[in-house]
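Protein chains in written order, with this note's numbering: chain A, 1 to 113; chain B, 1 to 113.
Hints were generated in silico from the structure; no laboratory data involved. Some clues are possibly wrong.
Said to hold, decoys possible - Computed list of lysine to any residue pairs in SDA-like fashion (alpha-carbon distance at most 20 Å, straight line):
| hint | chain 1 | residue 1 | chain 2 | residue 2 |
| --- | --- | --- | --- | --- |
| 1 | A | Lys105 | A | Thr20 |
| 2 | A | Lys105 | B | Gly16 |
| 3 | B | Lys57 | A | Leu94 |
| 4 | A | Lys68 | A | Thr51 |
| 5 | A | Lys105 | B | Thr38 |
| 6 | B | Lys57 | A | Ser99 |
| 7 | A | Lys105 | B | Glu44 |
| 8 | A | Lys77 | A | Asp54 |
| 9 | A | Lys56 | A | Glu69 |
| 10 | B | Lys57 | A | Thr28 |
To be verified - Here are some, though not all, of the chain A residues that point toward chain B, as calculated from beta-carbon distances under 10 Å:
| hint | residue |
| --- | --- |
| 11 | Tyr36 |
| 12 | Gly41 |
| 13 | Ala91 |
To be verified - Far from chain A by the CB rule (all over 10 Å, computed), these chain B residues:
| hint | residue |
| --- | --- |
| 14 | Gly16 |
| 15 | Ile26 |
| 16 | Glu56 |
| 17 | Ser62 |
The C-beta atom is built at its ideal place from N, Cα and C for all residues, glycine as well.
Listed below, chain by chain, are the residues.
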Amino acid sequence: GNSVTQMEGPVTLSEEAFLTINCTYTATGYPSLFWYVQYPGEGLQLLLKATKADDKGSNKGFEATYRKETTSFHLEKGSVQVSDSAVYFCALSLNSGYSTLTFGKGTMLLVSP
Amino acid sequence: DTGVSQNPRHKITKRGQNVTFRCDPISEHNRLYWYRQTLGQGPEFLTYFQNEAQLEKSRLLSDRFSAERPKGSFSTLEIQRTEQGDSAMYLCASSRGQHNEQFFGPGTRLTVL
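Bound-form chain A, shown alone:
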């Protein structure tokens, strides 16, 4: 079956530190990959996506590269801010007509000033 594995949190960083949140996946086909973010008290928001191997998704200073050879989609940011504190979810969907999202368990990021 399809599954997503994320590093466990919380990840605690100081402002301006470098961020990496690891994500690996297993899939029966060729998935699209996503990172969603959930800020405290808010709903899930799409952060970035990549639809095929070697694609790089980017948004708000965050980046992730679709690595088929390592089945990974790690999230990175060069300099985090306090406002980045949130829960980050890696997810996949198969590239069929109506495939659903399979999520990881989420990784909480806490950034201190």
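Once you have looked at the hints, place chain B on chain A.
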């Protein structure tokens, strides 16, 4: 603001009661999804609609759960004879497009006493 709305935002009920949640998707989106999220976990797929047709249901969706999307616009999710294990955040998402980019609502938090 993703444009997907859900009502109510919070629901507290006693075990054995029936509850109904509503989701209004983004107006031009023909696909609508329901997910359930428990504390510390990522969202888990429950069911999917394309227009008014319910095309996929998860094994998580027991006989006590029913979902409708009568005119291909808003959707309702009903849980009959609620159990304490039904306590969770129920998320609705909608999408349009080949690569299944889903936009989530704020969720309905259900507490079963």
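Status of each hint after checking the structure:
1. A/Lys105 / A/Thr20: 16 Å, holds
2. A/Lys105 / B/Gly16: 29 Å, violated
3. B/Lys57 / A/Leu94: Measuring from Cα to Cα gives roughly 16 Å; hence the hint holds.
4. A/Lys68 / A/Thr51: 11 Å, holds
5. A/Lys105 / B/Thr38: Satisfied, since the Cα-Cα distance of roughly 10 Å is no more than 20 Å.
6. B/Lys57 / A/Ser99: The hint holds at about 12 Å.
7. A/Lys105 / B/Glu44: With Cα atoms ~10 Å apart, A/Lys105 and B/Glu44 stay inside 20 Å; holds.
8. A/Lys77 / A/Asp54: 18 Å, holds
9. A/Lys56 / A/Glu69: 15 Å, holds
10. B/Lys57 / A/Thr28: 19 Å, holds
11. Tyr36: At about 8 Å, which falls below the 10 Å cut-off, the nearest Cβ of chain B leaves the hint on A/Tyr36 intact, so it holds.
12. Gly41: Holds - the Cβ of A/Gly41 comes within 10 Å of chain B, reaching about 9 Å at its closest.
13. Ala91: Result: holds, 7 Å to nearest chain B Cβ.
14. Gly16: 29 Å, holds
15. Ile26: 13 Å, holds
16. Glu56: 7 Å, violated
17. Ser62: 18 Å, holds
The structure shown violates the earlier hints numbered 2 and 16.
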